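J.: Chains A and B, in that order, give the protein sequences. Mapping the first sequence onto the numbering used here, position 164 (from 1) lands on 164, and the numbers just tick up by one. Mapping the second sequence onto the numbering used here, position 125 (from 1) lands on 492, and the numbers just tick up by one.
Please keep in mind that the hints were generated in silico from the structure rather than gathered at the bench. Being a predicted model, the structure only gives us computed values, none of them experimental. Hints are supplied without guarantee of correctness; some may be wrong.
To be verified - Derived lysine-lysine pairs resembling PhoX-like cross-links, with alpha carbons at most 20 Å apart:
id	chain 1	residue 1	chain 2	residue 2
1	B	495	B	405
2	A	344	B	426
3	B	421	B	469
4	B	426	B	439
5	A	107	A	249
6	A	90	A	194
7	B	405	A	308
8	B	421	B	474
9	A	347	B	420
10	B	503	A	115
11	B	405	B	426
12	A	107	A	90
13	B	420	A	351
14	A	49	A	90
15	A	252	A	344
16	A	194	A	115
17	A	349	B	423
18	A	194	A	219
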Amino acid sequence: MEAKYDFARKYREQILQCSRCGFCQAHCPVYGSTLRPSLNARGKMLLLKEVMDGKLELSDELIETLFQCTTCASCFENCPSGVEVPEIIKQVRKDMVDIGSCHPAFKGMNEVLQKHDNIYAEDEPEDFERERNKQAENVYFIGCVGSYREDEATLATLDLLDRLEVDYTLIDEVCCSGVLEDVGYQINGDLVRKNLDNIYATGAQRVITGCPYCFRTFKNKPQYAELREKGIEIVHMSQFLTDFDLGVKTDKRVAYHDPCDLGRHCGIYEEPRDTIRKIADDFVELPHHHADALCCGAGGGVRGAFAKNSIAMARRRLEDAEEVGAEVVLTECNSCAHNLGNAKLRKQKFKIQNITEFVNELMEEAE
Amino acid sequence: MEIQGYNMPDDLYYEENHFWVKEEGDLLVMGMDDFAQKTAGEIVYVQLPDEGKKLKVTKKFASLESGKWLGKVFAPVNGELVEVNEELETSPELINQDCYGKGWMYKIDPSDKSELGDLIQGQEAVEKWVLADIEKYAE
Numbered sequence: 001m002e003a004k005y006d007f008a009r010k011y012r013e014q015i016l017q018c019s020r021c022g023f024c025q026a027h028c029p030v031y032g033s034t035l036r037p038s039l040n041a042r043g044k045m046l047l048l049k050e051v052m053d054g055k056l057e058l059s060d061e062l063i064e065t066l067f068q069c070t071t072c073a074s075c076f077e078n079c080p081s082g083v084e085v086p087e088i089i090k091q092v093r094k095d096m097v098d099i100g101s102c103h104p105a106f107k108g109m110n111e112v113l114q115k116h117d118n119i120y121a122e123d124e125p126e127d128f129e130r131e132r133n134k135q136a137e138n139v140y141f142i143g144c145v146g147s148y149r150e151d152e153a154t155l156a157t158l159d160l161l162d163r164l165e166v167d168y169t170l171i172d173e174v175c176c177s178g179v180l181e182d183v184g185y186q187i188n189g190d191l192v193r194k195n196l197d198n199i200y201a202t203g204a205q206r207v208i209t210g211c212p213y214c215f216r217t218f219k220n221k222p223q224y225a226e227l228r229e230k231g232i233e234i235v236h237m238s239q240f241l242t243d244f245d246l247g248v249k250t251d252k253r254v255a256y257h258d259p260c261d262l263g264r265h266c267g268i269y270e271e272p273r274d275t276i277r278k279i280a281d282d283f284v285e286l287p288h289h290h291a292d293a294l295c296c297g298a299g300g301g302v303r304g305a306f307a308k309n310s311i312a313m314a315r316r317r318l319e320d321a322e323e324v325g326a327e328v329v330l331t332e333c334n335s336c337a338h339n340l341g342n343a344k345l346r347k348q349k350f351k352i353q354n355i356t357e358f359v360n361e362l363m364e365e366a367e
Numbered sequence: 368m369e370i371q372g373y374n375m376p377d378d379l380y381y382e383e384n385h386f387w388v389k390e391e392g393d394l395l396v397m398g399m400d401d402f403a404q405k406t407a408g409e410i411v412y413v414q415l416p417d418e419g420k421k422l423k424v425t426k427k428f429a430s431l432e433s434g435k436w437l438g439k440v441f442a443p444v445n446g447e448l449v450e451v452n453e454e455l456e457t458s459p460e461l462i463n464q465d466c467y468g469k470g471w472m473y474k475i476d477p478s479d480k481s482e483l484g485d486l487i488q489g490q491e492a493v494e495k496w497v498l499a500d501i502e503k504y505a506e
């Protein structure tokens, strides 16, 4: 019998490979904060099997389950059967959108990006006290969260780049739109074109991204293949920073939160740590670190669509920081920094910052 | 009073970004009004600055968020932040449930209470302002 949905055509064998062992429950941030079996990978695979068997149809009833996943890949990382859950979920979401069934927040995001340059529908970006679109060796691409939700962190990053005498320019950037592929839609070709043209106009040979998700999008998506074909190097800020001798130190106890988009998805674990070890003698790993890191809860569109649960996941991640007595929790992802910052309780006295912001502060203090 | 489905008590003072203010003894209490909480959707985060923070009138001193919306909180008067509603840290939805009661946000020790006169107040002024904003946000 012909499969009714694309997810079944592409991933039938994988879904059947799920042995229902439930190992994923131990790692799933959504399950960890809700304790709802249907919301974790095992539950989702069970549901999808019922859809494949014709016992259930894709419908609005499945929106909460199928759209509530940060795509953090901790399930896949720990699955003894190797089920590629994030890829299956992304395809199912496309199938849901095709039948007109989608979480309103994601439908809204797609519509917003057809009319606006960013996911927040904001019309006026911060100028960050800097000229845009100059000729430069590097483009610093901020990303939507850094531009509109973590502007102080972004300003600090730019101040740091200036202190390090990096030749860079900002551009009239627009959303990389990579997130649309995670939530059932397609990358927005018009936005891609604008970004590419604005990058080329600077003559830059390198794009430094502040956002791991933009990094993944530029590095891996075919829509941005032109960048790679033209030999333009794409790096994340955490990689770029390792080349510098920063010359500052802190005596604070520092921990590092691995962003899923940087760690599990891109394998970038050591570069941020290399930088932290240069500046902090008291660096401690969080109880869940590297490929076992707990997701902050913001990814896969979850912060926009299931904000309360998203913050609950972040709050759970911060318990790790309390456990090791961290005074500073560093990361290098504005989404993580923002969600963790929102979740931090007043009684939790540690700071949450991007590495770049922290280093810039140390340099300011040393002046 | 009700204005097109929004509950806007006319005995309160209002800051133009849709925060209400009322006197409580020597202090002022501040919160989000019904128009704003309905427009914002479910509030998931409220910034609670440390007590003692100096407030400068019309300057941002905090923020709050729903899923994708970020709202800035501007000081309605000059003064000092003396108390925050700590319940909002884990139950920010109180603002949606009871924005004029349990969802209160901040208490301020004002430098000069007469600055309240610069805020929007009275049935006629409140109605005119809200109707204008209903039209503006409908676009």
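J.: Evaluate each hint against the coordinates.
T.: Tested hints:
1. The straight-line distance between the Cα atoms of residue 495/B and residue 405/B is roughly 19 Å, inside the 20 Å bound, and the hint therefore holds.
2. With a C-alpha separation of about 24 Å, the suggested pair residue 344/A and residue 426/B falls outside the 20 Å cut-off, and the hint is violated.
3. Only pairs whose Cα atoms come within 20 Å are accepted, and residue 421/B paired with residue 469/B is rejected, the gap being roughly 24 Å.
4. Restraint check for residue 426/B and residue 439/B: satisfied, since their Cα atoms lie roughly 10 Å apart, inside the 20 Å limit.
5. Between residue 107/A and residue 249/A the alpha-carbon distance is near 46 Å, which puts this suggested pair outside the 20 Å criterion.
6. With a C-alpha separation of about 25 Å, the suggested pairing of residue 90/A with residue 194/A is violated against the 20 Å cut-off.
7. Distance hint between residue 405/B and residue 308/A is fulfilled; the C-alpha atoms sit about 17 Å from each other, no more than 20 Å.
8. A distance of roughly 12 Å separates the Cα atoms of residue 421/B and residue 474/B; the hinted pair therefore holds under the 20 Å criterion.
9. Using a Cα cut-off of 20 Å, the hinted pair residue 347/A and residue 420/B holds, with the two alpha carbons roughly 17 Å apart.
10. A C-alpha spacing of about 18 Å is found between residue 503/B and residue 115/A, which places the hinted pair at or below 20 Å, so the restraint holds.
11. As the CA atoms of residue 405/B and residue 426/B are separated by approximately 24 Å, the hinted pair breaks the 20 Å bound.
12. Distance hint between residue 107/A and residue 90/A is fulfilled; the C-alpha atoms sit about 14 Å from each other, no more than 20 Å.
13. A hinted pair counts as satisfied when its Cα atoms are at most 20 Å apart, and residue 420/B with residue 351/A qualifies at roughly 18 Å.
14. Distance check on the hinted pair: residue 49/A and residue 90/A sit about 16 Å apart at the alpha-carbon level, within 20 Å; holds.
15. Under the criterion of a C-alpha separation no larger than 20 Å, the hint pairing residue 252/A with residue 344/A is consistent with the structure, at around 19 Å.
16. Between residue 194/A and residue 115/A the alpha-carbon distance is near 14 Å, which keeps this suggested pair within the 20 Å criterion.
17. The suggested pairing of residue 349/A with residue 423/B is violated, with an alpha-carbon distance near 26 Å, which exceeds 20 Å.
18. Between residue 194/A and residue 219/A the alpha-carbon distance is near 17 Å, which keeps this suggested pair within the 20 Å criterion.
Against the hints set out earlier in the document, violations occur for numbers 2, 3, 5, 6, 11 and 17.
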